[in-house]
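Use these hints to put chain B onto chain A, whose structure you have.
Protein chains: 2
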Amino acid sequence: MHSDVPWEVWSRERQQRVEENLARTLADEPGRLGEAMRYSVLGGGKRVRPLLAYAAGEVAGADPARVDAPAASVELIHAYSLVHDDLPAMDDDTLRRGKPTCHVAFGEAVALLAGDALQARAFGVLAGSGLPGAAEACALLAGAAGATGMAGGQDIDLGATGRTLALSELTTMHRMKTGALIAAAVQLGARSGRPLAASQTTALDLYASAAGLAFQVVDDLLDVEGSAASLGKTAGKDEACGKPTFVSLLGLDEARCHAATLRAQAHDALAPFGNRARRLHELVDWIVSRDR
Amino acid sequence: MHSDVPWEVWSRERQQRVEENLARTLADEPGRLGEAMRYSVLGGGKRVRPLLAYAAGEVAGADPARVDAPAASVELIHAYSLVHDDLPAMDDDTLRRGKPTCHVAFGEAVALLAGDALQARAFGVLAGSGLPGAAEACALLAGAAGATGMAGGQDIDLGATGRTLALSELTTMHRMKTGALIAAAVQLGARSGRPLAASQTTALDLYASAAGLAFQVVDDLLDVEGSAASLGKTAGKDEACGKPTFVSLLGLDEARCHAATLRAQAHDALAPFGNRARRLHELVDWIVSRDR
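Chains A and B supply the protein sequences, listed in that same order.
Read in order, the letters of the first sequence are residues 438 to 729 in the numbering used here.
Read in order, the letters of the second sequence are residues 438 to 729 in the numbering used here.
Just chain A, with the same shape it has in the complex (with noise of 0.2 Å):
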């Protein structure tokens, strides 16, 4: 894949390595479970996180092979969470990427067990991948998805509901929800190349913390001004709930604005990396103009 090829292209190469790989990894889950496993995870879906690992490879010269484990296990554990986040007992939500949730299709005691059962394989995924410092790669993976990354600003966001949040509060909740592992995911894909200078790790950091956040403002956005046919979930959810937003928080202008400017804080974290950050580059402007 030459480094010249279009966005387009290249997100759609990476999009389909990840599908092929994930029916891979899933193929020999057993019985019905491993159906709603199968059904939770593939054929759907925009891949952000295996996207960032990949983009993030490619700043530290990684190969895309070495790089497929953690976009597998980063994908895999935002699956579960989904799974998970849909139950009656969480947001009670029956329809994601345009079909019924797995609970509706498969009951809740499946759903819950697939859930569980996808957070396993994700770690088995990475841990089994014989890659150097996989052992510390779980560890991190670990930490974005329990109590201090996104289980924790799920639990924050749970209680959050009905209130009124300062901006801090939401984005602070946000960084651990969504933040936690798509900083995850960028920090896994440069761990598959050359090793990174400090600084480097430091301002990937940087990247990965504004474009999660520009992830989850246009999420709320497109929660107002989407429907459920381009959403494949269902649309203006977010307010019916009395779920603190961006845009309930700041109103449609301003949260747009927000959006722009996390963009551009992206864009000038990825300076000291030149063209090797083409792809990280691309990956915020697409998260910030997609419609889904």
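Think of the hints as simulated: they come from the structure by calculation, not from any bench.
No experiment lies behind these values; they were computed from the predicted model shown.
The reader is advised that the hints may include incorrect statements.
Claimed, not checked - Quick list of simulated restraints, FRET-style, between CB atoms:
#	chain 1	residue 1	chain 2	residue 2	range
1	A	Gly544	B	Glu573	31 to 39 Å
2	A	Leu643	B	Gly711	56 to 64 Å
3	A	Leu643	B	Gly596	43 to 51 Å
4	A	Asp500	B	Asp465	32 to 40 Å
5	A	Val541	B	Gly711	35 to 43 Å
6	B	Ala634	A	Ala502	31 to 39 Å
7	A	Gly544	B	Arg727	30 to 38 Å
8	B	Glu573	A	Pro467	21 to 29 Å
9	B	Lys674	A	Trp444	50 to 58 Å
In this text, a Cβ means the ideal position worked out from N, Cα and C, and glycines have one as well.
Then chain B, alone, in the frame of chain A:
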């Protein structure tokens, strides 16, 4: 700790060690989610899986300090599975270890997240241990926890309610549901010390398989013969739910006989190890003679 101390002293010392280690591991988990995690893990439980890890470690001459992380990780996986198992969508239990279950105390959404975060923490502890072979250990734990192990067994269990299973089906279900994690506890403990010969690893697998099934048969017996006061959980639940058990299939007398046979098989498997397997030998005795 001298090798000639009585079982009661050895096991109590190890249980305290696990308790302190788990408390340290979970001390910094933030917020209400952290509370729910500590509530679900600390101050109760027989710690059978950690004891198996330490006992297997002795077979390989492992210093207990090297078994701490594996021991904590299997207990965290076990604890998360109990939290999710107790949810209304699964077994809908209100009493566990003599206390209200996690979702009764914290609500369903927090209990769901607490289970999720405990699973992540389990892999974090093991991956972050700095021990050689940590990645392989994580891969082993992931296999035992996921769709081919514990979660898969729980799915089969769900599908079996109200049906009559053959003894072989019931055995397969339990080999996955509880046996896989018990086997992982033994394997992870044994890997913490000197490398074992393949024949020794096979012998430990045979031991774990027999001890794991014995544990389940006794669980089924206690559900019929025990009281909530001694069990710390609802008694008579299996029959009320139409769950197939070793007692429902074999009757009380034959189930007791089956447990004794499995104990003898476990003992036989330990023959090659001599006195180094003393704690594993005592452990299966304890598993079979316990009253909770």
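Hint check:
no. : hint                               : result
1   : Gly544(A) to Glu573(B): 31 to 39 Å : 35 Å, holds
2   : Leu643(A) to Gly711(B): 56 to 64 Å : 59 Å, holds
3   : Leu643(A) to Gly596(B): 43 to 51 Å : 49 Å, holds
4   : Asp500(A) to Asp465(B): 32 to 40 Å : 37 Å, holds
5   : Val541(A) to Gly711(B): 35 to 43 Å : 57 Å, violated
6   : Ala634(B) to Ala502(A): 31 to 39 Å : 35 Å, holds
7   : Gly544(A) to Arg727(B): 30 to 38 Å : 34 Å, holds
8   : Glu573(B) to Pro467(A): 21 to 29 Å : 23 Å, holds
9   : Lys674(B) to Trp444(A): 50 to 58 Å : 56 Å, holds
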